[in-house]
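Construct all of the structure, not just a fragment, from the sequences and the given hints.
First residue of the sequence shown? That's 1 in our numbering, and the numbers climb one at a time after it.
Hints are computed from structural coordinates only; laboratory data are not their basis. The C-beta atom is built at its ideal place from N, Cα and C for all residues, glycine as well. There could be a bad hint or two in this list.
As the list claims (entries may be wrong) - Under the rule of at most 30 Å between Cα atoms (straight-line distance), these lysine-lysine pairs were calculated in the DSS-like manner:
| hint | residue 1 | residue 2 |
| --- | --- | --- |
| 1 | Lys35 | Lys156 |
| 2 | Lys42 | Lys180 |
| 3 | Lys16 | Lys42 |
| 4 | Lys35 | Lys180 |
| 5 | Lys35 | Lys16 |
| 6 | Lys180 | Lys156 |
What the hints assert, rightly or not - What follows is a list of derived Cβ distance ranges for each label pair:
| hint | residue 1 | residue 2 | range |
| --- | --- | --- | --- |
| 7 | Pro149 | Gly92 | 34 to 42 Å |
| 8 | Gly47 | Gln152 | 31 to 39 Å |
| 9 | Ile91 | Tyr34 | 23 to 31 Å |
| 10 | Asp98 | Ser69 | 16 to 24 Å |
| 11 | Asp200 | Arg95 | 21 to 29 Å |
| 12 | Ala150 | Lys180 | 18 to 26 Å |
| 13 | Asp119 | Lys16 | 23 to 31 Å |
| 14 | Glu147 | Ser69 | 32 to 40 Å |
| 15 | Leu157 | Thr133 | 13 to 21 Å |
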Amino acid sequence: MNMNPSSDQANLDNLKALEGRRVLVALTGGIACYKICTLVSKLVQNGADVRVMMTQSATQFVGETTFQSLSGHRVMTSLWDSAENPDAEHIGLARWCDLAIMAPASANSIAKLVHGMADNFVSTVMLAVPASTPILIAPAMNADMWENPATQRNMKLLDELYPNVQLSGPEEGWQACRAKGFGRMSEPEMILAKTVEIFD
1 MNMNPSSDQA
11 NLDNLKALEG
21 RRVLVALTGG
31 IACYKICTLV
41 SKLVQNGADV
51 RVMMTQSATQ
61 FVGETTFQSL
71 SGHRVMTSLW
81 DSAENPDAEH
91 IGLARWCDLA
101 IMAPASANSI
111 AKLVHGMADN
121 FVSTVMLAVP
131 ASTPILIAPA
141 MNADMWENPA
151 TQRNMKLLDE
161 LYPNVQLSGP
171 EEGWQACRAK
181 GFGRMSEPEM
191 ILAKTVEIFD
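Structure representation (structure tokens):
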């Protein structure tokens with residue numbers, strides 16, 4: 001797992017690498033959800049086929065309709081949504097994507113991935129992503145949550161268990177808790193640059 005956030009804006013000069021790529025974007029609960037609108041829009045504008053899935057917590061920050069409009073596809077939020085293909089929806093999406101992006105990735109969602117928990121649509125799909133498919137995770141949480149020994153242990157386990165995972169961030173900066181600290185999600189441009197780097 002690449003622990004270094006990508007700051008190489010030169011990657012954005014090769015946006016053609018996104019054309020025809022199938023990208024699954026998973027949003028978990030966090031104020032940074034609104035920033036993912038920019039990411040999804042940029043991916044689509046540069047030729048990627050983007051599908052979006054959200055936890056119920058994520059829908060409290062940005063509505064499903066927004067991402068449906070940006071991606072051009074129905075947004076998945078529940079294991080009980082009607083399937084568009086003969087496979088179980090979570091298995092179909094996991095096999096469909098060339099890259100899965102979890103952003104913002106909460107401490108809870110990272111813990112679920114590390115410990116193999118599948119109690120909502122997003123965690124179930126992420127657990128089913130093949131080991132050969134790259135996963136890009138953009139952590140986003142309060143500085144104290146990021147520095148918590150449990151979170152740091154989970155990040156080490158993530159590195160050990162998922163060689164196909166790369167990180168974008170987190171960064172240091174102003175947070176929703178009205179304080180500066182480490183744990184802020186990478187900006188959409190940084191996540192986009194990392195995505196291009198993975199495909200290039």
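Each hint tested on the structure:
The hinted pair formed by Lys35 and Lys156 meets the criterion: a straight-line CA distance of about 27 Å does not exceed 30 Å. The hinted pair formed by Lys42 and Lys180 meets the criterion: a straight-line CA distance of about 28 Å does not exceed 30 Å. Of the supplied pair hints, the one linking Lys16 and Lys42 holds, its CA atoms being roughly 12 Å apart against a limit of 30 Å. For the hint linking Lys35 to Lys180, the alpha-carbon distance of about 18 Å falls within 30 Å, and the restraint holds.
Restraint check: the Cα-Cα separation between Lys35 and Lys16 comes to about 22 Å, which is no more than 30 Å; the hinted pair holds. At roughly 24 Å between alpha-carbon atoms, Lys180 and Lys156 fall within 30 Å of each other, so this suggested pair holds. Hint check: Pro149 to Gly92, Cβ distance near 37 Å, so the stated range 34 to 42 Å holds. Hint check: Gly47 to Gln152, Cβ distance near 38 Å, so the stated range 31 to 39 Å holds.
Range check, Ile91 to Tyr34: Cβ separation about 30 Å, and the 23 to 31 Å hint holds. Restraint check, Asp98 to Ser69: a C-beta distance of roughly 23 Å satisfies the suggested window 16 to 24 Å. A C-beta distance of roughly 23 Å is found between Asp200 and Arg95, which places it inside the suggested range of 21 to 29 Å. With their beta carbons about 23 Å apart, Ala150 and Lys180 fall inside the hinted range of 18 to 26 Å.
At roughly 39 Å, the beta-carbon separation of Asp119 and Lys16 lies outside the given 23 to 31 Å, and the hint is violated. At roughly 37 Å, the beta carbons of Glu147 and Ser69 sit within the given window of 32 to 40 Å. Restraint check, Leu157 to Thr133: a C-beta distance of roughly 19 Å satisfies the suggested window 13 to 21 Å.
Violated hint: 13 only; the structure is consistent with all others.
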